[in-house]
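Enquirer: Given chain A's structure and the hints, the job is docking chain B onto it.
Number of protein chains: 2
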Amino acid sequence: MTEDKLPSRTDNFADWYNQLVLKAELADYAPVRGCMVVRPYGWALWENMTAALDRRFKATGHVNAAFPLLIPMSFFEKEKAHVEGFSPELAVVTIGGGEKLEEPLVVRPTSETIVGTMYSKWIKSYRDLPVLINQWGSVVRWEMRTKLFLRTLEFYWQEGHTAHATPEECQEETLRMLDVYADFAVEDGAIPVVKGRKSQSEKFAGADNSYSIEAMMGDTKALQAGTSHNLGQNFAKAFEIQYLDRNNLLQYVWTTSWGLSTRFVGAVIMTHGDDQGLVLPPKLAPHQIVLIPIYKNDEEKAKVMPVVAQVERELKGFRLKTDAREEVTPGFKFNDWEMRGVPLRIEIGPKDVQKGTLAFARRDMPGKAGKSFVEHSQLEAQVAESLQSIQASMFEKALAFRKAHTFEPKDYEELKSVVDKGWAFAWWCGDDDCEAKVKDETKATTRCIPLEQERGKGTCIVCGKPATEKVIFGRAY
Amino acid sequence: MTEDKLPSRTDNFADWYNQLVLKAELADYAPVRGCMVVRPYGWALWENMTAALDRRFKATGHVNAAFPLLIPMSFFEKEKAHVEGFSPELAVVTIGGGEKLEEPLVVRPTSETIVGTMYSKWIKSYRDLPVLINQWGSVVRWEMRTKLFLRTLEFYWQEGHTAHATPEECQEETLRMLDVYADFAVEDGAIPVVKGRKSQSEKFAGADNSYSIEAMMGDTKALQAGTSHNLGQNFAKAFEIQYLDRNNLLQYVWTTSWGLSTRFVGAVIMTHGDDQGLVLPPKLAPHQIVLIPIYKNDEEKAKVMPVVAQVERELKGFRLKTDAREEVTPGFKFNDWEMRGVPLRIEIGPKDVQKGTLAFARRDMPGKAGKSFVEHSQLEAQVAESLQSIQASMFEKALAFRKAHTFEPKDYEELKSVVDKGWAFAWWCGDDDCEAKVKDETKATTRCIPLEQERGKGTCIVCGKPATEKVIFGRAY
Chain A
49 MTEDKLPSRT DNFADWYNQL VLKAELADYA PVRGCMVVRP YGWALWENMT AALDRRFKAT
109 GHVNAAFPLL IPMSFFEKEK AHVEGFSPEL AVVTIGGGEK LEEPLVVRPT SETIVGTMYS
169 KWIKSYRDLP VLINQWGSVV RWEMRTKLFL RTLEFYWQEG HTAHATPEEC QEETLRMLDV
229 YADFAVEDGA IPVVKGRKSQ SEKFAGADNS YSIEAMMGDT KALQAGTSHN LGQNFAKAFE
289 IQYLDRNNLL QYVWTTSWGL STRFVGAVIM THGDDQGLVL PPKLAPHQIV LIPIYKNDEE
349 KAKVMPVVAQ VERELKGFRL KTDAREEVTP GFKFNDWEMR GVPLRIEIGP KDVQKGTLAF
409 ARRDMPGKAG KSFVEHSQLE AQVAESLQSI QASMFEKALA FRKAHTFEPK DYEELKSVVD
469 KGWAFAWWCG DDDCEAKVKD ETKATTRCIP LEQERGKGTC IVCGKPATEK VIFGRAY
Chain B
49 MTEDKLPSRT DNFADWYNQL VLKAELADYA PVRGCMVVRP YGWALWENMT AALDRRFKAT
109 GHVNAAFPLL IPMSFFEKEK AHVEGFSPEL AVVTIGGGEK LEEPLVVRPT SETIVGTMYS
169 KWIKSYRDLP VLINQWGSVV RWEMRTKLFL RTLEFYWQEG HTAHATPEEC QEETLRMLDV
229 YADFAVEDGA IPVVKGRKSQ SEKFAGADNS YSIEAMMGDT KALQAGTSHN LGQNFAKAFE
289 IQYLDRNNLL QYVWTTSWGL STRFVGAVIM THGDDQGLVL PPKLAPHQIV LIPIYKNDEE
349 KAKVMPVVAQ VERELKGFRL KTDAREEVTP GFKFNDWEMR GVPLRIEIGP KDVQKGTLAF
409 ARRDMPGKAG KSFVEHSQLE AQVAESLQSI QASMFEKALA FRKAHTFEPK DYEELKSVVD
469 KGWAFAWWCG DDDCEAKVKD ETKATTRCIP LEQERGKGTC IVCGKPATEK VIFGRAY
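Just so you know, the sequences run in chain order A and B.
Taken in order, the first sequence gives residues 49 to 525; the numbers are from this note's numbering.
Taken in order, the second sequence gives residues 49 to 525; the numbers are from this note's numbering.
One chain only, chain A, in its complex shape (with noise of 0.2 Å):
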């Protein structure tokens, strides 16, 4: 039951989000500070989500596993910088059983330490490579300020994590899993996204480099919906991951991790919701259609019904959900399943059925530009176009919207300007300080140097000095 208007996006777009969430029954905050529940529409959008990039890991040659949730300590302090940056974070148990551990036990923030000392007793020869295991589960980080989604102290993902005998493989294989990250994004999320390589100081802590995809959220801000670390031999010497060559010489094995998280959720609702709420991609909608049947009394219900029925076995290839409830009106189920997001409306009353005819109500369309009639005869094929259709013109929708708030400013001024209304695309030298200067004076971080580039010589646009690439500058969740 849904009676609340929700804020509109242009007056609180934090807001409108939070609500949303809550009110589309995706999420709740759990009695755990910065702990989410996710309630069964957000989990079957997550599960939609999950089998998508699960087929894409296989077909590239992924198998799943399992590690362990709770991980030693003194297991983190063996590579240094990912103690550095996970340490602050962590979830502590020090008791179990009824006693004091003699050594606490870390909740998984990520498992790279635990993998690492697995994979040091697998890996034996270059026979045994490359091994490339992912892991669906949940990690924990105690982080301070929390979002639904976006960030809470426990958060669903994947985590996949590669061994490679060169560091040409190893390489390879962080660019495929970010090639897949854009793949998922673009075909099944609709959303367009920039590959591009993270700054140092934006990098995961203990790679060498890392890679994600940005997308650009309603608001202009950006989110980084993936990331593909290429951690080089850090892991392999922390854990003494070894093999025997070809020649029978022990070497170091080459690692990447990857890993895509529930604030893709976000991301789907943030790119594409409106102020009526959810617009759901058909790929990924838990329900692709909703059919609702329309009648004011027993004579109209008993026409009506057998062809809700009939419409129902003529599309067992897709998900559709039928709002049979009597003690609200069509009208409420409108509005409700609007705001859930429903891809394709399919309204059925006692003139369709007479016509032999099926009304047909778009949710990324509203008004009369996305509703039409339908000969029942064609029915399958007309779905199937629409959701079809729905999901490319979402895809389009988004992208001009990208477009239209990404900027090329000529200098530091117009970077800073353009900052409060979207993305700055600009040349930078690469430096930290020229970096953490933009970060400071204008909230903007670098989100990443787009792979995809005009590459040459610039000049820094905060220093002036050299620069060969160009990089993203934005605000960002």
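Mixed in with the good hints there might be a few duds.
[Said to hold, decoys possible] Derived CB-CB ranges, DEER-like:
#1 Q281/A <-> N66/B: 32 to 42 Å
#2 Q281/A <-> P498/B: 57 to 67 Å
#3 R367/B <-> T507/A: 20 to 30 Å
#4 K487/A <-> M353/B: 53 to 63 Å
#5 K169/A <-> R367/B: 49 to 59 Å
#6 M353/B <-> T507/A: 50 to 60 Å
#7 A448/B <-> M353/A: 44 to 54 Å
#8 R175/A <-> N66/B: 23 to 33 Å
#9 R103/A <-> M192/B: 18 to 28 Å
#10 P514/B <-> R361/A: 52 to 62 Å
#11 N295/A <-> M353/B: 20 to 30 Å
In short, the hints are calculated from the structure, not lab data.
For each residue, glycine too, the CB sits at the ideal point set by N, CA and C.
Expert: Then chain B, alone, in the frame of chain A:
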């Protein structure tokens, strides 16, 4: 690479089990005492189990969600029997983000308390009922004596939590999910199970009644393979889960919970395994078929490999693994995949290519009996038939074994002797003292009071008092 022979099951069943789990790369010991790493082969088996169960949960109207891992300690104290049962087993987080927590947080050992807290917030009216939610995840219980898959500090499982308006619906749900588990065990696991009620001393901490499916392992010990609990109004009252009924009166709900875990992997290993290793049921096996090319030289290889590729295409509908390793012999591969329990092996050699045949070898029937030559033109149909036949035979074999090791002792002396070699099915008055006496003197516990039995009037096998039901006594994992 597997070279050492397994111990025989009759010599040392426990060693056979532990070594097999490691050798088949199902799981490994984690660095934290009592924790395990589920390796890709073991996880693929568990994934097939989760898919088979999840399909059944959804078909019976359940949806998935995710509740947090960390639960405030005080929540456990709200239900008296629950806290008594679980407090010796808790892992407790006392430090978060570098600071001592005001209230310690428990790493969930089970989720009734956090689910109850959320249900009390979500459930308002009879229209909100029933709530039928399941969660996939892991839980932590500080066990002292652990064994891979059977009893580990952290284990993977699903836990269903439902809320109902009436005690009748609640009991119906409890038994429905017990049936779902039994159907899964029989149809997919090829494991015969007895559905029954647990004794009061063996029930779940906080339940009115617990039900289980009990399976007999290859050493005749019992394994509780899934449980379903009728929680009555115990958690509803402890967590104030109330709703307004049709008459606008405030009522407590009735709740259930039910779970099946990675223990079931242990059940599959110990029900079907033999001295050569695993024997996996086709419906759950990660690889249903292993395809082994056989050739002695490049000329033969050139004849064989195109047929291998053709067979791979023809058998796309099955889970097929081709073992094309060149560094090991076909004989080594036969042993290796036998140990790993692949239900059907297909060999292709140059003579087969010439004759248009393929050599089949069934894992469940060692020696000549399980071998046959199949016309290539009949391949797909023959594979389907073989897998079906393997699945059915495995069930029949396990059922025959259980029947041969289930006894109906006529007096207490006989009971004491038969529990050495199997289960004892006997009248029991229901008294805790009689149950405790059997446990003390024989190490056999009451497994369950089978739902399907001829009731009537008997005399307790321990004390001779009147009894109306029979119970299964057995030693158990």
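Enquirer: Each of the hints needs a verdict: does it hold here or not?
Expert: Verification of the supplied hints:
no.	hint	verdict
1	Q281/A <-> N66/B: 32 to 42 Å	holds, 34 Å
2	Q281/A <-> P498/B: 57 to 67 Å	holds, 59 Å
3	R367/B <-> T507/A: 20 to 30 Å	violated, 58 Å
4	K487/A <-> M353/B: 53 to 63 Å	holds, 58 Å
5	K169/A <-> R367/B: 49 to 59 Å	violated, 28 Å
6	M353/B <-> T507/A: 50 to 60 Å	holds, 59 Å
7	A448/B <-> M353/A: 44 to 54 Å	holds, 51 Å
8	R175/A <-> N66/B: 23 to 33 Å	holds, 26 Å
9	R103/A <-> M192/B: 18 to 28 Å	violated, 41 Å
10	P514/B <-> R361/A: 52 to 62 Å	holds, 56 Å
11	N295/A <-> M353/B: 20 to 30 Å	holds, 29 Å
Checked against the numbered hints given earlier, the structure breaks hints 3, 5, 9 and satisfies all the rest.
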